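Take a look at the letters that make up each chain.
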Amino acid sequence: MRRDLLHIGAFALVLAVLASLIDSGVWLTFLMMSLYGALLALAWNILGGFGGQFSFGHALFFGCGAYTQAIAQVSFGVNPWLALALAVAVAAAVGAGVGALSFRYGLKGSYFALVTLAFAEVFRILAVSAGFTGGGVGLMVPLRESVANLQFGSRRGYVGLALGFVVVSLIVTAWLRHSRFGARLQAVRDNEDAARAIGVDPFRIKLGAIVLSAAFTGAAGAFYVQVFQYIDPSIAFGAHVSVEALVGAIVGGMGTLWGPVAGALALHTLAELTRNLFGQLPGINLVIYGVVLVAIVMFVPRGLAGIARGRRG
Amino acid sequence: MLDFAILFPSVLNGLTTGAVYALVALGLTLIYGVLHIINFAHGAALMVALYMVYLLKTWLGLDPYLALPLVVPAMFALGYALQRGVIERASHGRDENILLVTLGLAIVLENLALLVFKSDTRTIETAYTLTTVPIGPAFIALPKLVAFVGALACAAALMWVVARTDLGRAIRAVAKEKQGARLVGIDVAHVYAMSFGIGLACLGAAACFLLPAYYVNPQVGGGFVLVAFTIVVLGGMGSFAGALVGGLLIGVVESLGGLMLGESLGQIGISAIFIAVLLLRPQGLFGART
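Just so you know, the protein sequences line up as chains A and B, in that order. Read in this note's numbering, the first sequence has 169 at position 169, and its numbers run on one by one without any break. Read in this note's numbering, the second sequence has 1190 at position 190, and its numbers run on one by one without any break.
Be careful, since some hints might not be right.
[Claimed, not checked] In silico BS3-like links for lysine-lysine, alpha-carbon gap of 25 Å or less:
#1 A/K108 with B/K1178
#2 B/K1118 with B/K1057
#3 A/K108 with B/K1176
Worth flagging that the hints you see were computed from the coordinates, not collected in a lab. It should be emphasised that the depicted structure is a prediction, and the values quoted were computed from it without experimental measurement.
Please model the complete structure; the sequences and the hints are all you need to start from.
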């Protein structure tokens, strides 16, 4: 644990120094989006990598976080910092609800993937139909730049915010690697019956994992709203976020500490390179994500982290 | 307000849509029954088939119904090749990997279509697009009626193949007991690929019946995929009769839901059924698996 924390501290320090040295807006944006991708992948990894429960609908939690962040500010005038806490709480609560329903009935594997997908779709339709979400038009958060208002004049502030989230989720992941709860979660992933036989309650363990995972995904949603000041149903609950979270974690290596960070960085580098090569084409990012996903599962099922470990012997 | 004169056409409409849903779901349930995988690329494959029909019509002027003998074999070949070339190689014997690979394929196909065709919604124009046929007090569009009859005919043909032919016997043997089938000399990898091919061939047929009364855009598969999953889960994974009945039922539910709750909220009915069935009766209404 102490070694992991040391590594996380070094990682945070290097990135903080990097962010303060870089002046180019393009590179700061790249750094910010990579950290945002890493946050999504780390969040998915808690449930998918350590818990073995593959969610195809993590956009559900992202969207709940994003809409809470936007609605609390626009309709109720809540301070964005407070809204952030609310967003995380709402996403965690939705995670608890979905988790309680699906794990109570013993859904796993493809069934669990399907049910998360369906919940995301239900919420997307609700967001289009309901009045308080602004319907299909979406919600705009008014521009009022100040730190108290969680809106920064430069990208550097957002990089700091994203880095904060990533560090917290890294610490939680490190805790999963070394704590009793994490050991139980991995036991449930590897063999649920055997875990139950030695006195682990799989339901409670998986519920804990989905709540943690949803909370961080909700934070990513709130972050998105603060950066882009806009949210609509298909951004919030569409497939893009679910795919990005899952592909990042799988490319990097499921159930590892640094895999999701490496995976998100690799994906964003790839996306950026193709944008420079081909210009801004609709869908090109997701084509690449899909190809990378298939290729990784085909050739290196343990992800980038698996390659690194294999090389070390 | 909801008297017979309004309800009857709505139910009829639902049944015609439902028959096509059933055909899509039959392909999905065949793949599940044999390979025990959920094909997340099913909707994307339907989208590919719809574009095939669309291009044949706009480039060669080929009528969608006459395109059947071209599109169905093409989709079969695509399915066979995907299973042999990609899915089998990527599985490493783990179901999670197959789940991820079919998801990856769906993402690639959908976004390639977006790159090539942009997100425009396209339709085709045929001589009979606007022709209607009276049935009782209701009028129904001719393409929908053709789709209903055609989809049911395809479903019957598929069931005959599975029940009566040597290939069908091999498919059922592999579905029941993979090791046993291998021991009596069945080429399991070939049967897997045949099943995947037939599953996609169903989509080829569905696309030919759909397009005269429907549209195509890169996202069109997404709507169908959730519906097809719902039907398969409702009917019981791997059950043909379940997929058929489930398809018709879902078609009617969607149609009535749209009538009573309005278009956008009506879609929730399907997702709600889906979640409820998954939670309460994951073996489906007809499924024996527990």
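Subject >> A/K108 paired with B/K1178 [C-alpha distance capped at 25 Å] >> reply: The hint holds at about 23 Å.
Original post:
Are A/K108 and B/K1176 close enough, with their CA atoms no more than 25 Å apart?
Top reply: Between A/K108 and B/K1176 the Cα gap is close to 22 Å, so the pair holds against 25 Å.
Subject >> Pair hint B/K1118 and B/K1057, alpha-carbon separation not exceeding 25 Å >> reply: The given pair, whose Cα atoms are some 19 Å apart, holds under the 25 Å limit.
In this structure, every one of the numbered hints holds.
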